[in-house]
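Peer 1: Top line first, the protein sequences correspond to chains A and B. Each residue of the first sequence is one higher than the one before, counting from 1 in full-length UniProt numbering. Each residue of the second sequence is one higher than the one before, counting from 1 in full-length UniProt numbering.
Where hints are given, some of them may not hold.
With a straight-line Cα cutoff of 27 Å, these simulated DSSO-like cross-link-like pairs (lysine-lysine) come out [unchecked claim]:
#, chain 1, residue 1, chain 2, residue 2
1, A, LYS322, A, LYS304
2, B, LYS191, A, LYS245
3, A, LYS63, B, LYS242
4, B, LYS191, A, LYS131
5, A, LYS90, B, LYS195
6, A, LYS291, A, LYS245
Away from chain B, derived, C-beta distances all over 12 Å, residues of chain A [to be verified]:
#, residue
7, GLN138
8, THR154
9, PHE189
10, ASN192
11, ARG199
12, ASP201
13, ASP205
14, GLU319
15, ASN332
16, PRO336
17, SER347
18, LEU351
19, LEU363
These aren't lab readings, by the way, just hints derived from the structure by calculation. For glycine and all other residues, C-beta sits at the position ideal for the given N, C-alpha and C.
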Amino acid sequence: MGGCMSDSQDTTDRNVEREIEKDKKQDTRAHKLLLLGAGGSGKSTFFKQLKAIHGEGHNDREKEGFKRQIHGQVVESIQLLIRQCKTVTKDPLPGIKDEDDEPFGNDDLDDARLSNSLKVEMTETEIAQFKIAKEFDQSCQYLLEIHGSRSALTEQLVTHVKSLWNECPAIQAMFEHRNKIGIPDSSAFFFNDIERIGRSDYTPDHKDIVLARYRTTGMTEKEFHIKDAVFKVLDVGGQRNERKKWIHFFDGVTAVLFVVSLTCYDEVPFEDVTDLAADVTLMNSMLESIKVFEDTLDFECFQKTGFILFFNKADLMQEKIKRVPITNAFPNYKGPQEFKPSVDYISKYFLSLNRVPEREMLLRFFFEYVLFVNYW
Amino acid sequence: MIKKSQKQATKSDSKDAVTTVAQNKEFLNRIILGKSHGNNTKLLEQLPKFSELEEFEKTLREQNQITFASVFHEPVGNYLIRTYLLSQHSIDKAIFLSDVELFKKLKNPSAQKSVAQKIFDQFCGAETSNHIPGLSVFEHAKNRNIPWYIEKRKNLAVNDHASEGAKNMQAASQKISLFAEGTNNIGVFGKPIQKIHEKIASQKIDETLFDEVSQQVTNDLLLDIFPRFQQSAYHRLYLRCKFLETKPVTIKHFDELRSLGHGAFGLVSTNKSFLTNLLFIFFTIKKQ
Chain A
1 MGGCMSDSQD TTDRNVEREI EKDKKQDTRA HKLLLLGAGG SGKSTFFKQL
51 KAIHGEGHND REKEGFKRQI HGQVVESIQL LIRQCKTVTK DPLPGIKDED
101 DEPFGNDDLD DARLSNSLKV EMTETEIAQF KIAKEFDQSC QYLLEIHGSR
151 SALTEQLVTH VKSLWNECPA IQAMFEHRNK IGIPDSSAFF FNDIERIGRS
201 DYTPDHKDIV LARYRTTGMT EKEFHIKDAV FKVLDVGGQR NERKKWIHFF
251 DGVTAVLFVV SLTCYDEVPF EDVTDLAADV TLMNSMLESI KVFEDTLDFE
301 CFQKTGFILF FNKADLMQEK IKRVPITNAF PNYKGPQEFK PSVDYISKYF
351 LSLNRVPERE MLLRFFFEYV LFVNYW
Chain B
1 MIKKSQKQAT KSDSKDAVTT VAQNKEFLNR IILGKSHGNN TKLLEQLPKF
51 SELEEFEKTL REQNQITFAS VFHEPVGNYL IRTYLLSQHS IDKAIFLSDV
101 ELFKKLKNPS AQKSVAQKIF DQFCGAETSN HIPGLSVFEH AKNRNIPWYI
151 EKRKNLAVND HASEGAKNMQ AASQKISLFA EGTNNIGVFG KPIQKIHEKI
201 ASQKIDETLF DEVSQQVTND LLLDIFPRFQ QSAYHRLYLR CKFLETKPVT
251 IKHFDELRSL GHGAFGLVST NKSFLTNLLF IFFTIKKQ
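The following block holds chain A by itself, in its conformation from the complex:
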């Protein structure tokens, strides 16, 4: 009996081994490219574009998923905006039993800290601009009561979002501070197009899909056949907790595609988002990107691996550089507050982090929509 059991065990073992061998052979033929980068740098966006350009595109089932993601993004963003407005103006959330109303040690402390820092940063009139007018109370209440992204966009929701976005100056003012409260830039695009998105027969087009933003969990992989070469591209999550998993995917990597968002030098990382009083010069996603890049270069198994640096969101950077200087993240930068010298400085800085001179390093700039327009 026992012998018989171990026999069958052996055959299954052998089968499994054979499968692994086969996989290994296939693995060596394909070039394995690993997409890395800090959270919100655009790894998945890049992956989606690759799929649209070199893959077979997105099928209906995937589009259904993107539709949900877009709806989720709209609801999440508007809820965040309302909540932040209420916290800043210390307006109790209407009709909702929120824990904030109860006197908790934590919240008292929080409020004290918040008001302290606000006193430094904001005057009364500045706070007043975030005050949501009484006439929007109903919309706010309705939107805050929605349970996350479980429900699709209903007609009622669309009208509420539309009125808040188009008519409420407080929401607009808060959106200007999106870098501190972790709202993606593309939310504005979806808010403006809310009517089209809310339609029941809506299917996302290519632009919508590329702009949709959601935190990736785990890893997605896809094989691309470009001319005669086979590329296996792995897209991973970039949030701090996701980075722990990166180590599982490091085996046999041909090249690392490291994605850096050019605009993130004044954005607070998603993991650190607290309130408007956050100081972007102390902690911003660019500093985090630099740290992550340094650590990635230091990995034992990457010492001979080529790196391709992708600087993403160059189009948004061109707009942003007019308002915010890059000295937020690079205090030593002395050049003019213009696009070209700033980007040059950033790219040189990243290249200088490489301590292995024989390692291949490539630079690529990536204009989110331009690349996309060229192909479609």
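Position chain B relative to chain A; hints supplied.
Peer 2: Same frame as chain A, now just chain B:
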């Protein structure tokens, strides 16, 4: 050359749905149910082919039965989503959700307190060095000594890279931070976690304690994992299992194990169902 590789790929594709799940099955059964079941190969033989199920999927979609909530709260769907999450190294999210659901059912204040503390330590707080992915809070209480399969899994990450010749992998993983130290495994940061911490410290524990965080975790699963789950082999397997459920149960679904005895009217025997692996007692009566 490429043609050949594609051929191979499709061949292994059709196989992988069944084999991977079969391989994972016992492993997962032990983790999820805490029992050993053995491989359920007969179930897999009975399943219809996925290509025959297009119509079935359509009708299910029209009845709105393929949503995250319905799939996740159903035994087979839950099992398959967990299997998928395990392959994504994110199993803790699902375990957290089910633990919170169990926590909500607790009535006893002292039990609530200790469970809340445990859930917080295991999922919301910073990951500790002896953290075991995929272990529920309630499971931990049941068997204190860690079973072999969990030990094995802990070593898996290191073994994966043995081929690289990276013996110092462990040292490397300690050295490199990637800013990831002190994070939890469910991917929720900042204020919500802080709030829970304060509430536990000030002993204000009620059922809604984890609501905000579990909402965020559900969103992660719903918006990112679920669409990808639907692309994977696990979803196809889910549909196949689902289809089997619609069929009437017949004697063919059972395996006779042994007879328990016979009397004036007929036989009594123990039978095992392929589908659920549960034991049944059969009374067989002669037709006259």
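Peer 1: Taking only the CA atoms, is the gap from B/LYS191 to A/LYS131 under or equal to 27 Å?
Peer 2: The hint holds at about 22 Å.
Peer 1: Beyond 12 Å from every Cβ of chain B: is that where the Cβ of A/LEU363 lies?
Peer 2: Label holds. Min Cβ-Cβ 22 Å, cutoff 12 Å.
Peer 1: Are A/LYS90 and B/LYS195 close enough, with their CA atoms no more than 27 Å apart?
Peer 2: Within the cut-off at roughly 18 Å; holds.
Peer 1: Is the Cβ of A/ASN332 farther than 12 Å from every Cβ of chain B?
Peer 2: 22 Å, holds
Peer 1: Hey, does A/THR154 actually stay past 12 Å from chain B on C-beta?
Peer 2: For A/THR154, whose nearest Cβ neighbour in chain B is about 15 Å away, the distance exceeds 12 Å, so it holds.
Peer 1: So is A/LEU351 really clear of chain B, every C-beta pair being over 12 Å apart?
Peer 2: 20 Å, holds
Peer 1: Is the claim that A/SER347 lies outside the interface with chain B correct, judged by CB distances over 12 Å?
Peer 2: The assertion about A/SER347 holds, with a minimum of 22 Å to chain B.
Peer 1: Against chain B, does A/ARG199 keep a CB gap of more than 12 Å to every residue?
Peer 2: 19 Å, holds
Peer 1: Since A/PHE189 was said not to touch the interface, does its Cβ keep a gap of more than 12 Å from each Cβ of chain B?
Peer 2: Since the minimum Cβ distance to chain B is about 18 Å, A/PHE189 lies beyond 12 Å and the statement holds.
Peer 1: Looking at A/ASP201 again, its CB stays over 12 Å from all of chain B?
Peer 2: Its Cβ never comes within 12 Å of chain B, the nearest being 15 Å, so this holds.
Peer 1: Closest CB-CB distance from A/GLU319 to chain B, is it above 12 Å?
Peer 2: Non-interface label stands for A/GLU319: nearest chain B Cβ at 28 Å, farther than 12 Å.
Peer 1: Checking a non-interface call: every C-beta of chain B should be farther than 12 Å from the C-beta of A/ASP205. Is that right?
Peer 2: 17 Å, holds
When the structure is compared with the earlier hints, a violation turns up for hint 1 alone.
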